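When you get a sec, could you build the whole thing from the sequences and use the hints?
Each chain, written out:
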Amino acid sequence: MELFTNQILAGIATGAIYACMALAVVMIYQAIDHLNFAQGEMAMFSTFISWQLMQVGVPYWGAFVLTLVFSFIGGIAIERILFKPLTKAPILTNVAGFIALFAIINSSAGLIWDFTIKQYPTPFGSSPFLGSQLISTHQAGMIGVTVLLLLALYFFFQYTRMGLAMRAAASLPESARLVGINTSWMIALGWGMASAIGAIAGMLIAPVVFLEPNMMGGVLIYGFAAAVLGGLTSPFGAVVGGFLVGIFENLAGTYIPGVGNELKLPIALALIISVLVVKPAGLFGRHIVKRV
Amino acid sequence: MSAIENVAPEDQPVEAVPKRAMTIGSGTSFVVLLLLLIVPLFAKNFIIFQLTMLLIYGLAVLALNILTGGSGQFSLGQSAFYAVGAYTTAVLMEHLNINYALTLPIAGLVCFAFGFLFGQPALRLSGVYLALATFALATAMPQLLKLNFLEHWTGGVQGLVVTKPDAPFGLPMSQDMWLYYFTLAITLAIYIFSVNLLRSRSGRAFMAIRDNEIAASAMGVDVALYKTLAFGVSAGITGVAGGLGAIAVQFVAPDSYTITLAISLFLGMVVGGVGWLPGSIIGSAFIIFVPNIAEGISKGLSGAVFGVLLFLIIFLVPHGARQIAIVGQQLIGKLRKN
Amino acid sequence: MFSARTLRTATLATAVVALTSGAALAQKKYDTGASDTEIKIGNVMPYSGPASAYGVIGKTEEAYFRMINDQGGINGRKVNFVTYDDAYSPPKAVEQVRKLVESDEVLFVFNPLGTPSNTAVQKYLNAKKIPQLFVATGATKWNDPKNFPWTMGWQPSYQSEAQIYAKWLLKEKPNAKVAILYQNDDFGKDYLKGTKDGLGAKAASMIILEESHEISEPSIDSHIVKIKAANPDVLLIYTTPKFGAQTIKKTAELTWKPLQIITNVSASVGSVMKPAGFENAQGVLSAAYAKDAADPQWNDDPGMKKWSAFIDKYMPGADKTDGGYVYGYGVAQTLAKVLQMCGDDLTRANVMKQAASLKDFTPDTLLPGVKINTSPADFAPVSQLQMMRFKGEKWELFGDIISGDIAAD
Numbered sequence: 001m002e003l004f005t006n007q008i009l010a011g012i013a014t015g016a017i018y019a020c021m022a023l024a025v026v027m028i029y030q031a032i033d034h035l036n037f038a039q040g041e042m043a044m045f046s047t048f049i050s051w052q053l054m055q056v057g058v059p060y061w062g063a064f065v066l067t068l069v070f071s072f073i074g075g076i077a078i079e080r081i082l083f084k085p086l087t088k089a090p091i092l093t094n095v096a097g098f099i100a101l102f103a104i105i106n107s108s109a110g111l112i113w114d115f116t117i118k119q120y121p122t123p124f125g126s127s128p129f130l131g132s133q134l135i136s137t138h139q140a141g142m143i144g145v146t147v148l149l150l151l152a153l154y155f156f157f158q159y160t161r162m163g164l165a166m167r168a169a170a171s172l173p174e175s176a177r178l179v180g181i182n183t184s185w186m187i188a189l190g191w192g193m194a195s196a197i198g199a200i201a202g203m204l205i206a207p208v209v210f211l212e213p214n215m216m217g218g219v220l221i222y223g224f225a226a227a228v229l230g231g232l233t234s235p236f237g238a239v240v241g242g243f244l245v246g247i248f249e250n251l252a253g254t255y256i257p258g259v260g261n262e263l264k265l266p267i268a269l270a271l272i273i274s275v276l277v278v279k280p281a282g283l284f285g286r287h288i289v290k291r292v
Numbered sequence: 001m002s003a004i005e006n007v008a009p010e011d012q013p014v015e016a017v018p019k020r021a022m023t024i025g026s027g028t029s030f031v032v033l034l035l036l037l038i039v040p041l042f043a044k045n046f047i048i049f050q051l052t053m054l055l056i057y058g059l060a061v062l063a064l065n066i067l068t069g070g071s072g073q074f075s076l077g078q079s080a081f082y083a084v085g086a087y088t089t090a091v092l093m094e095h096l097n098i099n100y101a102l103t104l105p106i107a108g109l110v111c112f113a114f115g116f117l118f119g120q121p122a123l124r125l126s127g128v129y130l131a132l133a134t135f136a137l138a139t140a141m142p143q144l145l146k147l148n149f150l151e152h153w154t155g156g157v158q159g160l161v162v163t164k165p166d167a168p169f170g171l172p173m174s175q176d177m178w179l180y181y182f183t184l185a186i187t188l189a190i191y192i193f194s195v196n197l198l199r200s201r202s203g204r205a206f207m208a209i210r211d212n213e214i215a216a217s218a219m220g221v222d223v224a225l226y227k228t229l230a231f232g233v234s235a236g237i238t239g240v241a242g243g244l245g246a247i248a249v250q251f252v253a254p255d256s257y258t259i260t261l262a263i264s265l266f267l268g269m270v271v272g273g274v275g276w277l278p279g280s281i282i283g284s285a286f287i288i289f290v291p292n293i294a295e296g297i298s299k300g301l302s303g304a305v306f307g308v309l310l311f312l313i314i315f316l317v318p319h320g321a322r323q324i325a326i327v328g329q330q331l332i333g334k335l336r337k338n
Numbered sequence: 001m002f003s004a005r006t007l008r009t010a011t012l013a014t015a016v017v018a019l020t021s022g023a024a025l026a027q028k029k030y031d032t033g034a035s036d037t038e039i040k041i042g043n044v045m046p047y048s049g050p051a052s053a054y055g056v057i058g059k060t061e062e063a064y065f066r067m068i069n070d071q072g073g074i075n076g077r078k079v080n081f082v083t084y085d086d087a088y089s090p091p092k093a094v095e096q097v098r099k100l101v102e103s104d105e106v107l108f109v110f111n112p113l114g115t116p117s118n119t120a121v122q123k124y125l126n127a128k129k130i131p132q133l134f135v136a137t138g139a140t141k142w143n144d145p146k147n148f149p150w151t152m153g154w155q156p157s158y159q160s161e162a163q164i165y166a167k168w169l170l171k172e173k174p175n176a177k178v179a180i181l182y183q184n185d186d187f188g189k190d191y192l193k194g195t196k197d198g199l200g201a202k203a204a205s206m207i208i209l210e211e212s213h214e215i216s217e218p219s220i221d222s223h224i225v226k227i228k229a230a231n232p233d234v235l236l237i238y239t240t241p242k243f244g245a246q247t248i249k250k251t252a253e254l255t256w257k258p259l260q261i262i263t264n265v266s267a268s269v270g271s272v273m274k275p276a277g278f279e280n281a282q283g284v285l286s287a288a289y290a291k292d293a294a295d296p297q298w299n300d301d302p303g304m305k306k307w308s309a310f311i312d313k314y315m316p317g318a319d320k321t322d323g324g325y326v327y328g329y330g331v332a333q334t335l336a337k338v339l340q341m342c343g344d345d346l347t348r349a350n351v352m353k354q355a356a357s358l359k360d361f362t363p364d365t366l367l368p369g370v371k372i373n374t375s376p377a378d379f380a381p382v383s384q385l386q387m388m389r390f391k392g393e394k395w396e397l398f399g400d401i402i403s404g405d406i407a408a409d
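Protein chains in written order, with this note's numbering: chain H, 1 to 292; chain E, 1 to 338; chain V, 1 to 409.
FYI, nobody ran anything at the bench for these hints, they're computed from the structure.
Being a predicted model, the structure only gives us computed values, none of them experimental.
Quick reminder that beta carbons are idealized off the backbone N, C-alpha and C, glycines included.
Among the hints, erroneous ones may be present.
[To be verified] Going by beta-carbon spacing under 10 Å, a handful of chain E positions derived as facing chain V: (1) HIS152; (2) ALA248; (3) VAL249; (4) PRO254; (5) ASP255.
Spelled out as structure tokens, the structure:
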């Protein structure tokens with residue numbers, strides 16, 4: 001029983017990583033109606049920028065804010081320079097563009113900062129949280145930030161003109177243009193925000209998994225899975241999805257005899273696909289009725 | 001977010017390619033075939049090996065093209081079918097001593113069944129959801145191949161070494177050259193089969209589903225059957241390619257069939273032109289040669305150079321090599337008129 | 001008309017000419033890839049893809065031979081080091097190695113990295129009788145001169161290292177409850193096997209948990225929680241640097257202090273112990289055969305000073321804490337020694353023969369007392385290790401230098 005609760009707690013702690021990344025995934029999906037395969041690498045690059053800033057003596061929160069600004073502008077720049085010219089191209093060509101971007105960022109980071117793992121500081125400390133050794137103060141802080149981010153996103157998309165405009169631009173671009181929304185800039189803005197949220201995710205994840213160019217490879221798969229499970233249109237779903245995937249995975253690894261440990265990722269993914277087969281829009285996603 | 005049901009026009013992720021535009025004229029085909037037949041006679045064994053790999057990846061890209069370009073379903077999991085085909089061939093050859101040529105149809109059938117079954121749950125998914133499901137399959141495959149209880153057959157993490165066949169009937173050619181012509185024959189057979197498939201009733205059903213699933217179903221197309229069938233056929237061809245790959249490389253291991261392979265095949269399809277079958281070979285050339293070019297430009301930044309080259313290609317020809325072919329045809333047409 | 005006599009003289013003369021020219025050839029013998037001015041060597045490395053962290057090894061070797069060439073080459077010949085990217089994919093490795101052999105026409109293939117890639121090309125290279133020299137992997141199968149006379153390893157094998165830990169446990173902690181965390185690939189499984197072989201009959205009773213993890217997992221916290229629940233006294237960590245650091249850090253966060261032994265692959269002071277936190281790493285055990293550049297105890301070591309000068313001059317800006325730079329230097333220096341011993345007989349057979357005749361050779365980067373020895377029946381160049389314990393900010397070596405040769409099955 002103790003192992004059971006421990007694994008759930010550990011699952012929540014790891015799930016916070018996935019939830020954070022899933023939020024960034026949902027953000028970009030809201031903006032461009034697609035998954036961005038380079039999202040993890042963009043987050044990794046931002047995290048390296050903040051690390052570099054701290055290396056030259058900028059205090060944590062200063063580096064944090066500067067990195068957010070950098071990521072926001074960087075995200076917009078990437079959209080304007082690389083993806084705006086592809087607006088008219090087929091969607092699959094855009095996906096190829098994401099893959100190209102992935103390769104460029106990963107390889108450049110490796111050349112600039114090497115592949116050795118680097119320690120990354122946390123503002124929350126890493127002592128046991130509320131006496132539980134399973135969740136450290138850092139992980140508790142991470143959950144807190146994720147929830148705050150979730151609330152902020154919820155209000156942004158639900159109650160601000162900008163957020164509503166962005167959703168409109170992504171889901172019904174033509175109608176959005178008709179009501180006077182500059183859809184092209186909405187997309188750029190979406191890239192900027194997704195990039196900034198990704199940067200937060202990266203800076204929170206790095207103290208746990210260590211900073212290195214390949215640090216987001218595994219995280220992104222889980223982030224996608226979490227976002228899809230929760231429903232790509234729902235920030236709330238993405239966070240719940242993140243925690244569920246974390247817990248799922250740990251329980252599968254601990255309790256399924258024989259293959260459980262070796263196959264915990266495949267089992268978690270199979271479960272998600274089963275959920276999708278029953279609920280194609282994810283647990284909390286809104287259902288879209290298709291017409292001819 | 002909200003529970004309000006949104007109504008959206010149906011996604012059409014893959015643009016409609018008319019079926020005649022999916023192939024090339026007989027004159028061009030003849031020239032390409034002649035080149036494929038003659039070039040190896042004057043090339044070093046290493047080049048022949050590269051050409052063999054070109055055909056093999058070409059087949060795998062073709063298979064993906066049938067699935068995506070034909071039926072509009074998106075897959076990032078082709079490496080899984082490729083792996084199953086490769087392991088089927090390797091295990092049959094090395095453990096059961098079955099002739100290499102006989103293992104290929106078996107690999108094809110096994111993968112057809114696997115793809116058909118995978119197509120069942122995938123039916124309910126589309127767009128990014130299907131992408132995730134197939135992505136999951138590709139990620140899981142190397143882990144499945146390593147499983148302890150399969151280790152006796154698969155060799156576990158160590159993989160299996162495959163023996164390369166000699167040319168039969170005492171033909172005076174090297175193993176590499178024999179394997180090349182053998183692969184070429186199979187590739188041609190599958191290419192002709194694919195072209196005819198897409199021109200047939202089934203092919204029209206695929207394309208109707210691709211262009212508008214709801215309309216297709218209203219017209220009486222059995223959407224479920226044809227979508228799973230497309231998965232099956234695509235997986236089957238990929239499996240044959242995997243089997244050939246195992247023989248050519250003489251080795252199978254979990255590390256050979258990671259998500260990277262699935263992504264490469266996907267890129268090959270985009271570069272060749274989605275839905276344009278002859279583009280598959282151009283896409284395959286991209287997979288094999290562009291990383292080598294990138295590496296030649298810079299070792300430390302080979303990944304970045306590769307990314308930049310890929311961006312250049314999709315900026316210049318967002319519809320892939322098909323675009324060049326169309327422009328070329330129009331030019332020839334104009335010249336003829338003048 | 002020729003008399004019989006003149007004919008005989010003519011034959012004799014031809015024979016003499018043939019003999020003398022034969023003697024001249026014996027002084028200078030070349031196979032493809034070698035000439036009076038150049039020795040061409042091939043190599044494949046993962047410069048891109050998931051294992052690109054190891055790319056620094058190839059870059060170090062390239063720089064090392066640049067240094068050799070600046071110093072006049074080997075026996076007057078320049079080394080031409082051709083290296084290609086295989087992205088850690090066996091099919092790509094086959095393509096690149098064939099390109100090296102058939103298109104670039106190298107004399108031999110040196111230090112290709114990774115067990116899968118090397119397995120993929122082993123049969124091909126042996127059939128063509130081309131040396132596959134000093135492969136960059138620690139699998140036991142490279143020490144198999146009977147079946148694969150053209151393949152030779154370099155570093156101590158993973159299994160022999162694991163056996164050293166097992167023997168140490170049998171002697172010091174015979175009643176310990178042991179848990180093993182290993183990476184689910186050829187590397188992790190070799191260590192697992194070595195440990196079990198080393199513990200012998202006691203393996204079943206001593207090992208209470210074998211936990212594997214995938215390299216694609218972002219964090220291995222859940223595995224540590226599971227291992228802790230089994231309550232072992234000893235934790236063997238057979239995983240790559242990132243996960244090694246995570247393990248040491250996580251056990252400390254759980255305020256759990258089992259005796260931890262970590263594989264030599266992940267024993268780097270700069271890229272494992274420091275990120276994991278020095279305070280968390282106190283008392284961790286490992287074994288080593290090479291010096292660690294980030295370990296202050298080698299600051300005044302003449303060998304490491306030479307290494308450091310080399311890095312400063314030929315690879316400015318390199319992160320010296322990365323073990324790949326030390327590894328690449330050591331293995332390149334071993335090759336330079338072999339080529340020197342080859343003299344003017346640069347045939348593939350002689351390269352293998354000389355590589356199998358190394359006697360007490362000590363590259364600058366190996367631990368004091370660790371020597372390279374090979375023979376026609378022993379294709380395991382570095383086979384000695386010394387155990388060490390982490391204290392303060394460095395490793396403290398203890399015990400004897402242990403030889404851990406195992407031949408392939």
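| request: For the hint on VAL249 (chain E), just tell me whether its beta-carbon gets within less than 10 Å of chain V. | output: 5 Å, holds
| query | Taking the least C-beta to C-beta distance, is ASP255 (chain E) closer than 10 Å to chain V? | reply | 4 Å, holds
| task | Verify the interface restraint on HIS152 (chain E): the C-beta must sit less than 10 Å from at least one C-beta of chain V. | result | For HIS152 (chain E), the interface hint is violated, since the closest Cβ of chain V sits about 15 Å away, which is over 10 Å.
| said: Would the hint on ALA248 (chain E) be counted as holding, given a Cβ-Cβ threshold of 10 Å to chain V? | reply: Holds - the Cβ of ALA248 (chain E) comes within 10 Å of chain V, reaching about 8 Å at its closest.
| field | Status of the hint placing PRO254 (chain E) at chain V (closest C-beta pair under 10 Å) | value | 8 Å, holds
When the structure is compared with the earlier hints, a violation turns up for hint 1 alone.
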